[in-house]
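Number of protein chains: 2
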Amino acid sequence: MNTIYFDNAATTYPKPDIVYETMDEVARKYGVNAGRGGYFLANKAGILIDETRELLAELVNTFDYKSVIFTPSATIALNSVLFGLDLVKGDNIFYSPFEHNSVLRPLEKLKEKLNINLYEIPFNMETFEYNLDKLEKMYKQHKPSLTVVSHASNVCGLIAPVKGITEISHKYGGKVLIDGAQTLGLLPVDLKEINCDYYVFAGHKNLYGPIGVGGVIVNNENLLEPLIVGGTGSNSEELVMPYEYPGRLEAGSPNIVAIAGLNAGIKWLSKQENILEKERELLKTFLRVIGEYPEINVIGTKDTQRILPVVSCLFEGYTPQDIARLLDQSFNIAVRAGLHCAPKAHKILGTSLNGTIRISLGYFNSEKEILNFGNILDDIYY
Amino acid sequence: MNTIYFDNAATTYPKPDIVYETMDEVARKYGVNAGRGGYFLANKAGILIDETRELLAELVNTFDYKSVIFTPSATIALNSVLFGLDLVKGDNIFYSPFEHNSVLRPLEKLKEKLNINLYEIPFNMETFEYNLDKLEKMYKQHKPSLTVVSHASNVCGLIAPVKGITEISHKYGGKVLIDGAQTLGLLPVDLKEINCDYYVFAGHKNLYGPIGVGGVIVNNENLLEPLIVGGTGSNSEELVMPYEYPGRLEAGSPNIVAIAGLNAGIKWLSKQENILEKERELLKTFLRVIGEYPEINVIGTKDTQRILPVVSCLFEGYTPQDIARLLDQSFNIAVRAGLHCAPKAHKILGTSLNGTIRISLGYFNSEKEILNFGNILDDIYY
Numbered sequence: 001m002n003t004i005y006f007d008n009a010a011t012t013y014p015k016p017d018i019v020y021e022t023m024d025e026v027a028r029k030y031g032v033n034a035g036r037g038g039y040f041l042a043n044k045a046g047i048l049i050d051e052t053r054e055l056l057a058e059l060v061n062t063f064d065y066k067s068v069i070f071t072p073s074a075t076i077a078l079n080s081v082l083f084g085l086d087l088v089k090g091d092n093i094f095y096s097p098f099e100h101n102s103v104l105r106p107l108e109k110l111k112e113k114l115n116i117n118l119y120e121i122p123f124n125m126e127t128f129e130y131n132l133d134k135l136e137k138m139y140k141q142h143k144p145s146l147t148v149v150s151h152a153s154n155v156c157g158l159i160a161p162v163k164g165i166t167e168i169s170h171k172y173g174g175k176v177l178i179d180g181a182q183t184l185g186l187l188p189v190d191l192k193e194i195n196c197d198y199y200v201f202a203g204h205k206n207l208y209g210p211i212g213v214g215g216v217i218v219n220n221e222n223l224l225e226p227l228i229v230g231g232t233g234s235n236s237e238e239l240v241m242p243y244e245y246p247g248r249l250e251a252g253s254p255n256i257v258a259i260a261g262l263n264a265g266i267k268w269l270s271k272q273e274n275i276l277e278k279e280r281e282l283l284k285t286f287l288r289v290i291g292e293y294p295e296i297n298v299i300g301t302k303d304t305q306r307i308l309p310v311v312s313c314l315f316e317g318y319t320p321q322d323i324a325r326l327l328d329q330s331f332n333i334a335v336r337a338g339l340h341c342a343p344k345a346h347k348i349l350g351t352s353l354n355g356t357i358r359i360s361l362g363y364f365n366s367e368k369e370i371l372n373f374g375n376i377l378d379d380i381y382y
Numbered sequence: 001m002n003t004i005y006f007d008n009a010a011t012t013y014p015k016p017d018i019v020y021e022t023m024d025e026v027a028r029k030y031g032v033n034a035g036r037g038g039y040f041l042a043n044k045a046g047i048l049i050d051e052t053r054e055l056l057a058e059l060v061n062t063f064d065y066k067s068v069i070f071t072p073s074a075t076i077a078l079n080s081v082l083f084g085l086d087l088v089k090g091d092n093i094f095y096s097p098f099e100h101n102s103v104l105r106p107l108e109k110l111k112e113k114l115n116i117n118l119y120e121i122p123f124n125m126e127t128f129e130y131n132l133d134k135l136e137k138m139y140k141q142h143k144p145s146l147t148v149v150s151h152a153s154n155v156c157g158l159i160a161p162v163k164g165i166t167e168i169s170h171k172y173g174g175k176v177l178i179d180g181a182q183t184l185g186l187l188p189v190d191l192k193e194i195n196c197d198y199y200v201f202a203g204h205k206n207l208y209g210p211i212g213v214g215g216v217i218v219n220n221e222n223l224l225e226p227l228i229v230g231g232t233g234s235n236s237e238e239l240v241m242p243y244e245y246p247g248r249l250e251a252g253s254p255n256i257v258a259i260a261g262l263n264a265g266i267k268w269l270s271k272q273e274n275i276l277e278k279e280r281e282l283l284k285t286f287l288r289v290i291g292e293y294p295e296i297n298v299i300g301t302k303d304t305q306r307i308l309p310v311v312s313c314l315f316e317g318y319t320p321q322d323i324a325r326l327l328d329q330s331f332n333i334a335v336r337a338g339l340h341c342a343p344k345a346h347k348i349l350g351t352s353l354n355g356t357i358r359i360s361l362g363y364f365n366s367e368k369e370i371l372n373f374g375n376i377l378d379d380i381y382y
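If you read the sequences in order, they're chains H and L. Using the numbering used here, you'd call the opening residue of the first sequence number 1 and step up by one each time. Using the numbering used here, you'd call the opening residue of the second sequence number 1 and step up by one each time.
None of these hints come from the bench; they were simulated from the model. Do not take every clue at face value.
What the hints assert, rightly or not - DMTMM-like mimics (lysine to aspartate or glutamate), calculated; alpha carbons at most 25 Å apart, straight line:
1. K109(H) <-> D91(H)
2. K109(H) <-> E225(L)
3. K271(L) <-> E54(L)
4. K109(H) <-> E237(L)
5. K89(L) <-> E238(H)
6. K109(L) <-> E112(H)
7. K163(H) <-> E112(H)
8. K134(L) <-> E316(L)
9. K163(L) <-> D133(L)
10. K29(L) <-> E279(H)
11. K109(H) <-> E112(L)
12. K89(H) <-> E25(L)
13. K113(L) <-> D86(L)
14. K137(H) <-> E193(H)
15. K29(L) <-> D17(H)
16. K44(L) <-> E25(L)
17. K109(H) <-> E108(L)
18. K44(L) <-> E238(H)
Here the structure is a predicted model, which is why all the values come from computation and not from measurement.
This is chain H alone, in the form it adopts within the complex:
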């Protein structure tokens, strides 16, 4: 029995065939240490890496491919920005209630070390919307140094008004870091329009690349202090990192195979028409199917224009962990139970005790799988 994979918010799976094929081909044909050699294979690897920067720069409509910085993960990209900014004691940092631990834990560390002040962006549970008026009032009182917002929640899929938040924040002189781990590749992202300072991406989610590459696109002139320092294959006589991006933040051997997979994923994406619309259709079907069971309670909004295909629910009579185990062991369905590394989201959603069951759809899910899921719900509840 094939697995029905509903954990695409953790990582999209499977990847397009061309991604696997490209990774294997590049590993075999020029899986060397890119840009460290100067010989044919190393140059070819280096060119592929820069081409991938260009693909990303184009995707987000930014000015310079050199501002696309690769890190081994979105987590490391977020750490690199948060610890690379010159934050000092007393700085006011705002964050959304939907932040992942890859933001919350660095912020907590900064608070302990530097005594920064942390403020949660106000959220209206009734309308299930960010409250930007209240946010502006808070900015007036506490001049912001930085605001961090997940472009979309990995718990309930809610898309944040990143352009509006950036606009207000900039009015008060604060920088904005968007965590686009869940969004880039699925939602259109135009950095000229959003105008945030840092946009972090994960290669292995909606960009359909492999785990092993993420990064940050820098959209201002400010130079981050490198968090990780080491060999760069350039300026080797210097005991500090190169001055310019991307080398400044890219210590260690670049992961040519993962970047090649990401390159193939982005090219594949560019050939798909209306991937967002397709996934939203799946989402509508999914919400309709589970809507027939009064025992299933969706947490958050069901407005498919305001969310990604990431749905948190509770199943009456079961803990999230129980239902996940049942779905896995009896029906080979992969979903995720718990807090999904975003504990504060559950505080405002009222699901802190056991978290939620999360079903997250991807391009390779089918309507048939979702209808099958409905049949299984019949088995469970009738």
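Fit chain L to the known structure of chain H by using the hints.
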């Protein structure tokens, strides 16, 4: 014309077929977010990761597979140790003259930030040996907090007396970090015998895994402060990292495909007989071949028992960059020219101006390739 690849100290290439095959299979069959789900595929991925920890623990004869911590690179592992130790102003840190920028640059940053004191381990250029008597005298004067030593130089292949250095350092209460990026997989490493506190490895060099995974094996009871913090798929309600290794230092989605490749590489290695001896035979042939050209000057010792198959040389009449370009463009030979990210090594070797040409051999080099290289030298010099 096939490339003759002599840049194995940067990354071994090619990898054994089974490494490519395993990576592709794992990516396709269970390239999911390991240990984050709890469903079948995620569990299978998690088991593979822990099995790889066990393979490494066995390889270095350490007590606990949980002390094997994976990072995306050796660079990040070194940063994690150096910034994770609780170093304070006035601490005395010793380092070998052969350290890579992945050690030198973090040390420089610590010096700037914390005002630690840095001391180079004394080296006798005449005997081409570490001077441990002098080192002990320095330790007596400046109580060591930490000593960092590359197990083998990535410039001239010299193997460091890591057991002796650790013994003396421990006598004076200092911790020892060994950078085994060049060595693990090729030299036998027994942590019970060496007894260092931290042993860093690179997956993509002599372990024949891919770029994208390295790590540190912790060999003491001390808990490092996490440098990178974020989601761990565990203890998600906590705003700090899990207390215990390995989770404590492993934020972000584990790179299951790279770890699977490393797993296959280590298993492949365990089936090879006398890989060190085979490579030393190649090295002897290589040194014999270039020994016929008085125009080629080997930097460092030619004692094949004291070095890895990593040779730095200078070619009369050419800068290292010129000869590397010629070898690449006219003969399709991949070697590396410059400082090899180890500027202090060139200071004591007297090759700071342009660095050296480095030829580094691996398991997949053949005697025939080396004899071919000899013919090419004829072309160049006669």
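Here is what the structure says about each hint:
1. K109(H) <-> D91(H): Since the Cα atoms of K109(H) and D91(H) sit roughly 14 Å apart, the hinted pair holds (cutoff 25 Å).
2. K109(H) <-> E225(L): Satisfied, since the Cα-Cα distance of roughly 11 Å is no more than 25 Å.
3. K271(L) <-> E54(L): holds (17 Å)
4. K109(H) <-> E237(L): Holds. K109(H) to E237(L) sits at ~15 Å (cutoff 25 Å).
5. K89(L) <-> E238(H): holds (23 Å)
6. K109(L) <-> E112(H): holds (21 Å)
7. K163(H) <-> E112(H): Judged against 25 Å, a Cα distance of about 30 Å means the pair is violated.
8. K134(L) <-> E316(L): violated (35 Å)
9. K163(L) <-> D133(L): holds (14 Å)
10. K29(L) <-> E279(H): holds (23 Å)
11. K109(H) <-> E112(L): holds (21 Å)
12. K89(H) <-> E25(L): Distance of about 49 Å is beyond 25 Å: violated.
13. K113(L) <-> D86(L): Judged against 25 Å, a Cα distance of about 13 Å means the pair holds.
14. K137(H) <-> E193(H): holds (24 Å)
15. K29(L) <-> D17(H): Within the cut-off at roughly 12 Å; holds.
16. K44(L) <-> E25(L): holds (13 Å)
17. K109(H) <-> E108(L): holds (23 Å)
18. K44(L) <-> E238(H): Given pair K44(L), E238(H) is violated - Cα atoms ~44 Å apart, limit 25 Å.
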